[in-house]
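Chains as they are written, first to last, in my numbering: chain A, 1 to 344; chain B, 345 to 622.
Hints were generated in silico from the structure; no laboratory data involved.
Treat the hints with care, as some may be off.
Claimed, not checked - Straight line, CA to CA, 25 angstroms or less: simulated SDA-like cross-link-like pairs of lysine to any residue:
hint : chain 1 : residue 1 : chain 2 : residue 2
1    : B       : K620      : A       : R313
2    : B       : K528      : B       : G502
3    : A       : K310      : B       : D614
What the hints assert, rightly or not - Taking beta-carbon pairs under 8 angstroms as the criterion, some of the chain B residues facing chain A (in silico):
hint : residue
4    : N353
5    : L356
6    : G399
7    : G423
8    : R582
9    : H583
10   : C586
11   : M588
12   : N601
Heads up, the beta-carbon is just placed ideally off N, CA and C, and yes, glycines get one too.
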Amino acid sequence: MNYHILKKDELDGFIKKLSGKMKVVAPVARGAGNFAFQEVSGASEIALKYIPTILPPKKYFMPQRETMLEFDISGAKPSDTAVVDAGETAVFGVHTCDLAGIQCLNMVFSERPRDYNYLRRKDKILLIGLECGDYCDEYASCALVNSHMPSGGYDLFFTDLGDRFIIHVHTQKAEELVEEMGLAKAVPADMTALEKVRAHKRSVFKKEVNVDPRKLPAIFAAGADSKVWKDVGARCVSCGNCTNVCPSCYCFDMADTMNLDLKTGVRTRTWDSCQLEPFAQVAGGENFRKERSERQRHRYFRKFKYSVDKFYRFFCTGCGRCTRTCMADISLKETLTSLVKENV
Amino acid sequence: MKEEIKNSNWKLRKGTIIAAKQMTDAEKWFDIRLEDGELDHEPGQFVQVELYGVGEAPISVCSSPTKRGSFELTVRATGRLTNAMHKLDAGDQLGIRGPFGKPFPVKVMAGNDLLFVAGGLGIAPLRSLINYVFDNRRDFGKVDILLGCRTPHDMLFGSEIGTWQKRLDLNFLCTVDRGAPDWKGNVGLITTLIPGVTIQPERTFAVVVGPPVMYKFVIAELIKKKVPERQIVLSLERHMKCGMGKCGHCQIDHPKNYYCCKDGPTFTYDEVKESKKL
Numbered sequence: 001m002n003y004h005i006l007k008k009d010e011l012d013g014f015i016k017k018l019s020g021k022m023k024v025v026a027p028v029a030r031g032a033g034n035f036a037f038q039e040v041s042g043a044s045e046i047a048l049k050y051i052p053t054i055l056p057p058k059k060y061f062m063p064q065r066e067t068m069l070e071f072d073i074s075g076a077k078p079s080d081t082a083v084v085d086a087g088e089t090a091v092f093g094v095h096t097c098d099l100a101g102i103q104c105l106n107m108v109f110s111e112r113p114r115d116y117n118y119l120r121r122k123d124k125i126l127l128i129g130l131e132c133g134d135y136c137d138e139y140a141s142c143a144l145v146n147s148h149m150p151s152g153g154y155d156l157f158f159t160d161l162g163d164r165f166i167i168h169v170h171t172q173k174a175e176e177l178v179e180e181m182g183l184a185k186a187v188p189a190d191m192t193a194l195e196k197v198r199a200h201k202r203s204v205f206k207k208e209v210n211v212d213p214r215k216l217p218a219i220f221a222a223g224a225d226s227k228v229w230k231d232v233g234a235r236c237v238s239c240g241n242c243t244n245v246c247p248s249c250y251c252f253d254m255a256d257t258m259n260l261d262l263k264t265g266v267r268t269r270t271w272d273s274c275q276l277e278p279f280a281q282v283a284g285g286e287n288f289r290k291e292r293s294e295r296q297r298h299r300y301f302r303k304f305k306y307s308v309d310k311f312y313r314f315f316c317t318g319c320g321r322c323t324r325t326c327m328a329d330i331s332l333k334e335t336l337t338s339l340v341k342e343n344v
Numbered sequence: 345m346k347e348e349i350k351n352s353n354w355k356l357r358k359g360t361i362i363a364a365k366q367m368t369d370a371e372k373w374f375d376i377r378l379e380d381g382e383l384d385h386e387p388g389q390f391v392q393v394e395l396y397g398v399g400e401a402p403i404s405v406c407s408s409p410t411k412r413g414s415f416e417l418t419v420r421a422t423g424r425l426t427n428a429m430h431k432l433d434a435g436d437q438l439g440i441r442g443p444f445g446k447p448f449p450v451k452v453m454a455g456n457d458l459l460f461v462a463g464g465l466g467i468a469p470l471r472s473l474i475n476y477v478f479d480n481r482r483d484f485g486k487v488d489i490l491l492g493c494r495t496p497h498d499m500l501f502g503s504e505i506g507t508w509q510k511r512l513d514l515n516f517l518c519t520v521d522r523g524a525p526d527w528k529g530n531v532g533l534i535t536t537l538i539p540g541v542t543i544q545p546e547r548t549f550a551v552v553v554g555p556p557v558m559y560k561f562v563i564a565e566l567i568k569k570k571v572p573e574r575q576i577v578l579s580l581e582r583h584m585k586c587g588m589g590k591c592g593h594c595q596i597d598h599p600k601n602y603y604c605c606k607d608g609p610t611f612t613y614d615e616v617k618e619s620k621k622l
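If we strip away everything but chain A, and leave its shape as in the complex, we get (with noise of 0.2 angstroms):
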């Protein structure tokens, strides 16, 4: 195992010696208990104790908007190039569910037919992930699906130890990075220190839904016509808000600009959501999710049950973001909290 020691007043000298290298994003504070990964140039902007940020570091991954082709019929013969923008980037103070969540977008965008446009950008990416020493707040759901303790997917992971950071260093990239920045090795005490940090982890955080996680996707498999989707669908508004702020989240809509030259044009990917209306709709009108109910019990089961069968894992990371953003206080908790009572 390869730790290191950062002083909390040297993370300005690291922030800042990283940004000489490449782009530096880091969670900012935004007002109003939000917070948000923006572009920062040193340790003052950044925010160390936050919740999770508005929109996840997928982001960075997918962009909301994102040019796939650019095409030009200007010629004889139509012309295009598959193209992506992608720079160095380093992501700071990524928490343990949103690391989850990249590492299922990897699993995604991995997957054959390969998309080159994600795999590239994550290439470019270092990430560098940040303890939560305790709960952000009580949306939360992290011990339920296991991701509030590292298990790796980053390049650096800092964890707080008072006046300085411990940090593990997991890849090769990162490994020489830190000889680069001559980050001192951490010692006995550091590691004493680190385990006690993570004990405290272990008393404080408990699985928030009363539930075998294992158990999970046969519970799903059994509540397929449960009452609880009925009730979701009732208060559902379909704004699409809880899929654009999950880590996990990857639907997409393609869709042609053309200049305003009408010579050249791009085609885009955009984020899309499984909630809106005409997600499932085919030319010929056929809804095959028309209602509310169905979407939002198709966005659970795409979270608990058919990931769990096709990636062997839970594509909820129990950021909690989906509950707090929710216009209609739907929480995942409480729907998971029914649909268990129910299928007991």
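The hints should help you fit chain B onto chain A, whose structure is shown.
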């Protein structure tokens, strides 16, 4: 930093329309040649058609892979892309991605009898298989084709179907929902044709393609005929936007998490009977 992705799955193959024909008020037929060679598809697969600046739509290939040099599409003007496509004619260019999807299980079906059931535009994807079977006729047993359309006026591939009626190696039956003054054939839903067909269910594959509303009723008739569920083959309709099992639009509400574009569009009834909707 913008860079080119040489192996991107979003790159388009360049196609030229070599022939086009308005078939009915709503449907137009296109014969398309690709610059880089054969489409290399199998019966039942689909392509994504791109018109630069308009967008993309998934369209079933309606020609058999045994026809070389070009492939055919039959397109109903119903959305943005398809309406724009109806304005195209021979000589016009378009982009193609694909072929995509799981084809009809032709190798499994070989040696068995076939019962084709086509409703409306469903004849288009089915025609890729029907013509394939005709070109490999001795590999298959008895062939029955049942076709249903709204009115005689809506019938697609009319002249081709005229030759089917004359062939001795198949039994062809047709019905329309609403007749016309000069119509001498059957009137009624396609389900009314099924009881009259003589089949040996244990050695028959029924291949059913039509609008979503048709499946429930046709399948019920086939089950009455004792066709095993594993031998009822369907091609399901969804809006496949990427064709690569990622965009999420075509996912079927089924315990097995099927993506219609990748796991389908062809399924046996056995595979999809637990779906919320077919």
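Status of the hints after comparison with the structure:
1. For the hint pairing B:K620 with A:R313, the CA-to-CA distance comes to about 24 angstroms; that is within 25 angstroms, so the pair holds.
2. For the hint linking B:K528 to B:G502, the alpha-carbon distance of about 15 angstroms falls within 25 angstroms, and the restraint holds.
3. For the given pair, A:K310 sits about 20 angstroms from B:D614 by alpha-carbon distance, which is consistent with the 25 angstroms threshold.
4. The restraint placing B:N353 at the interface with chain A holds, with a minimum CB-CB distance near 5 angstroms, inside the 8 angstroms limit.
5. Because the closest C-beta pair between B:L356 and chain A is about 6 angstroms apart, less than 8 angstroms, the hint holds.
6. Evaluation of the B:G399 hint against chain A yields a held restraint, the C-beta minimum of about 5 angstroms falling below 8 angstroms.
7. The interface hint given for B:G423 is met, as the beta carbon of that residue sits about 4 angstroms from the closest beta carbon of chain A, less than 8 angstroms.
8. With 8 angstroms as the threshold, the beta carbon of B:R582 comes within range of chain A, its nearest partner Cβ sitting at about 6 angstroms, so the hint holds.
9. With a cut of 8 angstroms, the hint placing B:H583 at the interface with chain A holds, because the nearest CB-to-CB distance is about 5 angstroms.
10. Because the closest C-beta pair between B:C586 and chain A is about 7 angstroms apart, less than 8 angstroms, the hint holds.
11. Below 8 angstroms, beta-carbon pairs count as interface contacts, and B:M588 has one with chain A at about 5 angstroms; its hint therefore holds.
12. Nearest Cβ of chain A to the Cβ of B:N601: about 4 angstroms, under the 8 angstroms cut. The hint holds.
Taken one by one, the earlier hints all hold for this structure without exception.
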